[in-house]
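> Listed here are the chains, written in short residue letters.
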Amino acid sequence: MTEASAPVAEPASVPVLDRPIPPRGWVVIGRKEIGDHVSSARFVVLLIVLGLAAGIPLYLAAEQIRNLASQVSGAQAVFLAMWVIGAQDSSIFQLNVTIQSFVGLAAPLLGIAFAFDAVNGERSQGTLPRLISQPIYRDDIINGKFAGALAVISLVLVSVMIFIAGFGMIRLGIVPSLGEVIRLGLWVVVTIVYVGVWLALGLLLSVAVRRAATSALMGLGSWLLLVVFGKFIVNLFIAFFIRVPANGTAQEQLQVAQLQDFVTRLLPTTLYTEASIVLLNPRATSTGGTLGTLGQYDQAQQQIPSLLSLDQSLLLVWPHIVALVAIMAVLFAAAYIRFMRQEVRA
Amino acid sequence: MSGAGRTESRSGRIRTEPPIRTRALTKQYGDLNAVDGLDLEVRPGEIFGLLGANGAGKTTTILMLLGLTERTSGAVRVVGFDPARNPLEVKRRVGYLPDAVGFYDDMTGRENLRYTARLNGLKGQAAEEKIETVLDQVRLSDRADDRAGTYSRGMLQRLGIADALVKDPTVLILDEPTTAIDPIGVVEILEMLRGLVRDRGVTILLSSHLLTQVQSVCDRVGIFAAGKLVGIGTVPELATRFGEGDAHVEVAFEGVSDPATSDRVAGFLAAIPDVAEVRRATSLLAPWTLVVRPPDSAIRVREAVLAVSAREGLHLTSIRSVVASLDEIYTKAVRAAGLASGSHRPSGDRPAAGGRAVA
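Here the protein sequences come in this chain order: F and H. Under the working numbering, the first residue of the first sequence is numbered 1, with each subsequent residue one higher. Under the working numbering, the first residue of the second sequence is numbered 1, with each subsequent residue one higher.
Calculated directly from the structure, the hints in this document are not laboratory data. Ideal Cβ positions, reconstructed from N, Cα and C, are used throughout, including at glycine. Please note: incorrect hints may appear among the correct ones.
[What the hints assert, rightly or not] Quick partial rundown of chain F residues pointing at chain H, CB under 7 Å, derived from the structure:
1. K32
2. I56
3. G126
4. P129
5. R130
6. S133
7. Q134
8. I136
9. A151
10. M340
11. Q342
[What the hints assert, rightly or not] Chain H regions said to be covered by chain F (calculated; three or more residues, Cβ under 8 Å):
12. 60 to 68
13. 91 to 98
14. 305 to 311
[What the hints assert, rightly or not] Some residues of chain F that are not near chain H, with every Cβ distance over 10 Å (derived):
15. L52
16. I132
17. Y137
18. V325
Based on the provided sequences and hints, a complete structural model is requested.
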């Protein structure tokens with residue numbers, strides 16, 4: 001009976017480990033990713049692209065502001081004008097050459113460039129099985145990669161914006177008001193979310209597509225499709241499927257326009273552009289689109305040039321921000337689920 | 001308490017759970033049974049070889065042991081945990097060298113290990129010391145600060161073992177540790193594994209399709225074919241079980257150079273009871289092989305050879321029992337399993353260890 005009362009020893013094969021499970025594996029992975037990115041060629045590309053995206057429009061905007069200096073003195077929100085004013089006669093492909101629009105064009109590319117080989121790169125290097133056999137959860141890998149890339153892009157983005165602000169203050173003598181600084185900050189945040197959407201898409205591609213080159217091409221393809229030709233394609237499709245007779249009533253025309261607006265707003269690009277314009281331009285009282293012209297018409301009729309207060313602007317773009325976050329979450333979740341179900345083996 | 005089942009031992013003796021144990025472990029990919037009702041037990045402090053052809057289910061088994069692939073059915077316990085429920089606890093204690101291990105090319109060997117250490121919660125001085133120790137163990141200290149991209153395949157393999165050792169594992173699981181390595185590298189790695197078991201008391205499970213290569217280092221082997229374990233035991237045990245009812249004894253003589261002497265020696269050897277066949281040396285220095293039937297007589301035959309040599313003044317230089325090569329055993333075991341249709345495994349009775357190797 002003494003045997004029976006003897007305490008059951010710990011199984012000899014289970015040693016007690018003194019070190020805890022690293023609580024946040026994604027932090028370790030994220031840190032390594034930051035280190036990798038900063039010393040990689042794509043970081044140089046990031047600097048050049050964002051530098052050009054800021055530099056060229058800034059040069060043009062500065063020109064404009066100098067020319068109009070006499071008129072704009074005393075006008076409100078001149079500081080933010082640096083982001084939304086470009087050369088009037090130098091629009092390329094109907095794209096205004098402004099910092100805002102350049103950043104909007106480059107951000108998706110950067111997001112894809114920093115994530116397209118996140119998981120399949122580990123796979124082709126043969127490091128994925130090793131990584132995954134460490135005491136971390138599988139989602140730590142995706143989270144870490146996302147966080148690392150977003151941190152690097154955000155860092156450069158914020159630096160460039162601070163540089164522009166500094167340029168404006170020192171060279172042009174424009175001192176921002178507190179409201180303008182907050183608006184600019186909010187715009188940077190929205191831009192980071194927008195980059196996050198494309199990072200999530202890049203991650204999804206890197207999980208779903210085995211070859212990094214294919215994944216990069218698909219990323220580029222979706223950029224062309226959604227950012228460059230997005231609106232054009234949407235309108236083309238709607239025009240193709242819904243024929244408005246030439247002598248259609250205004251009601252019918254309006255319905256088609258509304259549909260176009262709705263579908264266009266499903267594109268992250270549209271959401272971002274509209275949110276940017278409202279945040280950076282206190283004069284904007286509606287969010288673009290086809291129907292924006294109606295809003296402007298409205299405004300013109302009222303003949304009251306007024307600035308929206310910050311909370312009014314926010315109210316206007318809140319749905320856009322929520323929609324962007326939602327798109328990012330959906331893409332992220334898709335990458336996550338796909339990765340969890342994937343076999344480790346090549 | 002003769003039939004000491006697990007329940008009795010629970011209340012009585014100290015419960016020592018085997019580091020790795022599976023029961024009816026099964027993995028299906030569609031209609032294919034990659035692993036089919038696997039019962040495996042690896043004992044503490046042994047080197048267990050999981051041997052089988054490519055596609056036999058070795059890697060799938062290993063991935064299930066680590067909780068990296070979900071099993072279809074069956075039970076697994078690794079270092080006391082179920083890898084499907086507690087993957088982190090398992091992964092903290094089990095070092096894993098994947099098949100075709102890779103490292104970040106633009107980081108040095110040391111940096112690669114540092115990353116693994118961080119992922120295991122090791123930081124600062126403790127981590128650096130640990131890294132230095134394991135690098136020393138795999139003899140990579142002098143190349144540790146070169147980029148991993150410049151390493152040879154063998155060095156990468158060694159770095160992989162170091163990487164698995166950083167977390168101070170109780171169990172090491174090595175998937176094809178000797179593939180794509182030159183013969184000298186193989187010997188080095190196998191010696192290193194022996195040393196690890198001796199010095200640190202780790203338990204090692206390794207898989208290989210190069211049977212003879214790992215034969216020397218494994219305490220026990222499991223022969224794996226089409227997702228099933230067709231044989232398990234020490235190499236001599238398996239040789240007895242799957243051998244064709246004979247054992248081999250190698251003898252070598254000095255001064256047997258002319259055909260006349262050779263014939264005389266052959267006559268003496270053939271006269272020994274139970275020697276079924278005498279295979280003469282193919283070259284001057286090579287040993288002769290005596291085929292002994294039944295295999296149990298190997299010891300008596302060896303004694304008889306000694307006696308004959310002493311009586312006839314033959315200059316015997318060496319004598320030893322040799323076990324059939326694992327390749328032969330493998331082929332026979334697989335064939336035997338193929339014939340035993342319907343049953344999961346060939347009968348589980350262990351034969352008495354007869355022709356134990358003296359090598």
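> Give a verdict on every hint.
Results for each hint:
no.	hint	verdict
1	K32	holds (6 Å)
2	I56	violated (33 Å)
3	G126	holds (2 Å)
4	P129	holds (4 Å)
5	R130	holds (6 Å)
6	S133	holds (4 Å)
7	Q134	holds (4 Å)
8	I136	holds (6 Å)
9	A151	violated (17 Å)
10	M340	violated (10 Å)
11	Q342	violated (10 Å)
12	60 to 68	holds (count 3)
13	91 to 98	holds (count 6)
14	305 to 311	violated (count 0)
15	L52	holds (27 Å)
16	I132	violated (6 Å)
17	Y137	violated (7 Å)
18	V325	holds (29 Å)
When held up to the earlier numbered hints, the structure conflicts with 2, 9, 10, 11, 14, 16 and 17 and fits the remainder.
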